[in-house]
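Asker: Once you've looked at the hints, dock chain B against the given chain A.
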Amino acid sequence: MTANPSENSASETASALEEFADRVAAAVGGRAEVSHGTVKVRVAPTAWKDALAVTSSDLGLVFLSWLSAVDWTNDVAVGDEPGEPVEERYELLCAVSDLSEGNLAIISTDLDHDSPSIESVADVYPGANWHEREAAEMFGIDFQGHPDLTKLYLPDSFEGYPLRKDFPLLSREVKPWPGKVDVEDMPENGTGPSTESPGS
Amino acid sequence: MDRTLAHHLSEAAVSVELETEGMTLNIGPQHPSTHGVLRLVATVDGERATNVRPVIGYMHRGYEKLSEVRTYPQIITIINRIDWVSGFANEVPFVVAAERLMGVEAPPRAQWIRLVLTEMARISSHLVFMASYPLELGAATPLFFALRERERVLDLLESVTGGRFHPNFNRLGGVKPVYAAGPTTKKAGMDIPSGFLAETRDAMTKVLATCDEIENLVAGNEVFLARTKGVGIMPVDVAASYGVSGPNLRASGAGFDLRKVSDYLPYGDFDFDIPVGRNGDCWDRWWVRLEEIRQSARIITQAIDGLPSSPLQAKVPRIIKVPAGETYVRAENPKGEMGYHLVSLGGLGPYRLKIRSASFSNLSILPWILENALVPDFIAIMGSLDFVLGDVDR
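These protein sequences, in sequence, are chains A and B. When we follow the numbering used here, the leftmost residue of the first sequence carries the number 1, and every step to the right adds one. When we follow the numbering used here, the leftmost residue of the second sequence carries the number 1, and every step to the right adds one.
Isolated chain A, as found in the complex:
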């Protein structure tokens, strides 16, 4: 038994990942990025559904891991603001995997920030049905052709899209974050409580 994954296999793993990323990118007509062991392939919004049809049928990435979005914006109500201004958009992500080697690719596309809309992939990966309903209610993304785009978690009467960055967190508005002061102090350096926080 060795204590740790051996180091010489790390470079092998990295090149295998690059190779997998290039294979996916070539098949779906996208641009591959590998960062921190995660493969991401960017495609145009018009190619979204075709790309996922290719991953599920030709590439053998039959397992739908998850589908969600990131709100890239400079108008942030709670949490960290981007240090440098970002291009305002919704990034839609869909992670698909095979069931043999454990290769996972995240297919990504950028949606317009004012009226995000995209074709539904619920008929390609049936499991995307619920993920798209969640993304629709949380980010306000319109999935065209979705069989039942109703609210999933939230009450039917809920207004607003909670995971958008400009959606305020009501509890923070009422009372500032009590965790703003980090009370747990490390004894050896004794620098005192930190006053930095991600929110406020």
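Since the hints were derived computationally from the structure, they do not count as laboratory data. A portion of the hints provided could be inaccurate.
Pair by pair, the computed Cβ-Cβ distance ranges are [claimed, not checked]:
| id | chain 1 | residue 1 | chain 2 | residue 2 | range |
| --- | --- | --- | --- | --- | --- |
| 1 | A | E88 | B | Q30 | 42 to 50 Å |
| 2 | A | G29 | B | T24 | 40 to 48 Å |
| 3 | A | S35 | B | N372 | 42 to 50 Å |
| 4 | A | S57 | B | T24 | 49 to 57 Å |
| 5 | A | G83 | B | N51 | 45 to 53 Å |
| 6 | B | P193 | A | R31 | 48 to 56 Å |
| 7 | B | E151 | A | D114 | 49 to 57 Å |
When the alpha-carbon atoms are kept at most 25 Å apart in a straight line, the in silico SDA-like pairs for lysine to any residue are as follows [said to hold, decoys possible]:
| id | chain 1 | residue 1 | chain 2 | residue 2 |
| --- | --- | --- | --- | --- |
| 8 | A | K151 | B | R81 |
| 9 | B | K315 | B | K260 |
| 10 | B | K321 | A | P82 |
| 11 | B | K176 | B | K206 |
| 12 | B | K321 | A | K151 |
| 13 | B | K321 | A | E91 |
| 14 | B | K260 | A | E12 |
| 15 | B | K65 | A | E87 |
| 16 | B | K176 | B | D305 |
Note that the Cβ used here is the ideal one computed from N, Cα and C, for glycine as well.
Answerer: Coordinates of chain B only, in the frame set by chain A:
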């Protein structure tokens, strides 16, 4: 034939030809078999369901939004509440994701302790299933055996982490360096409690014996067999396209386990088998979990025999800022694939944290699997998927 009988027969013939209207049947939100708060709106035609619509969200706590206003160490305290039956296992993929962005790796001893406690979480989660599933089908006795063993495992978890359900034991770059005997214990050099290794070895022997007892009690039970064999069959391709993972997927015949193909914990150093089912029915899902308890006990026994010595914590800054970047780390949790897609902009907390929970996808197959199922089989099928609503709603 007398007139009355002829009359009855003619009526019976008419009623057979009558078009029957579908009836809507509400199951839940409060129902003992839902493991939380789940509502099913079923349209039934006689004893068969024609359409089932799960209604979820009763336990939605919004962890993804809450994570955007918390620091990384603070997030660890909330994410172990996602799947509260295996709290420890929820923490691991999150800290590994943050460590990857920081370029830090936990020392070997910390990784092995994480691995041991993750397997203990798996055993305790599967033992809850071993207790509740036969109970839902009318067999109460296995519950006492399974929960007795689970308590033993939870005691061990508690002796190391201080918490039975919500350990909050992982730190970025390692595990909590001291045994939390008291809130201010800061004694250097403290490690896992003395006697832990011997007690664990003893507990694993007892867990294995209990597995045999449960198998004897349940596997030969005709009623249990009749309720589970051939019921709720899930083909592997359908399961995959819905994102069903973990024991549910393996029961359908896919020998896919992230512990074998991923390196979030050093599972490559251990010998263990992946139990795989044949038919994808409720019986296979029960059997796969029973076998997984045995395999987890095997892993734990190997791990405590060869626990490496090293510090428990890698060097990390006093105030942790995770460098900008994004990564997705997934782990084989008791319920299936649990992963965190972490997007950091270099701040004290994540810009976005997508939580991929196993039960959400495992539950999303319900409309498919319950279509044309008999209403009396609903509980057998739902129970066999082993979901926890906290893990569904997040």
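Asker: State for each hint whether it applies.
Answerer: Status of the hints after comparison with the structure:
| no. | hint | in the structure |
| --- | --- | --- |
| 1 | A:E88 to B:Q30: 42 to 50 Å | holds (44 Å) |
| 2 | A:G29 to B:T24: 40 to 48 Å | holds (46 Å) |
| 3 | A:S35 to B:N372: 42 to 50 Å | holds (45 Å) |
| 4 | A:S57 to B:T24: 49 to 57 Å | violated (37 Å) |
| 5 | A:G83 to B:N51: 45 to 53 Å | holds (50 Å) |
| 6 | B:P193 to A:R31: 48 to 56 Å | holds (52 Å) |
| 7 | B:E151 to A:D114: 49 to 57 Å | holds (56 Å) |
| 8 | A:K151 to B:R81 | holds (24 Å) |
| 9 | B:K315 to B:K260 | violated (29 Å) |
| 10 | B:K321 to A:P82 | holds (14 Å) |
| 11 | B:K176 to B:K206 | violated (28 Å) |
| 12 | B:K321 to A:K151 | violated (35 Å) |
| 13 | B:K321 to A:E91 | holds (24 Å) |
| 14 | B:K260 to A:E12 | holds (17 Å) |
| 15 | B:K65 to A:E87 | holds (21 Å) |
| 16 | B:K176 to B:D305 | holds (21 Å) |
In this structure, the earlier hints numbered 4, 9, 11, 12 are contradicted, and the remaining ones agree with it.
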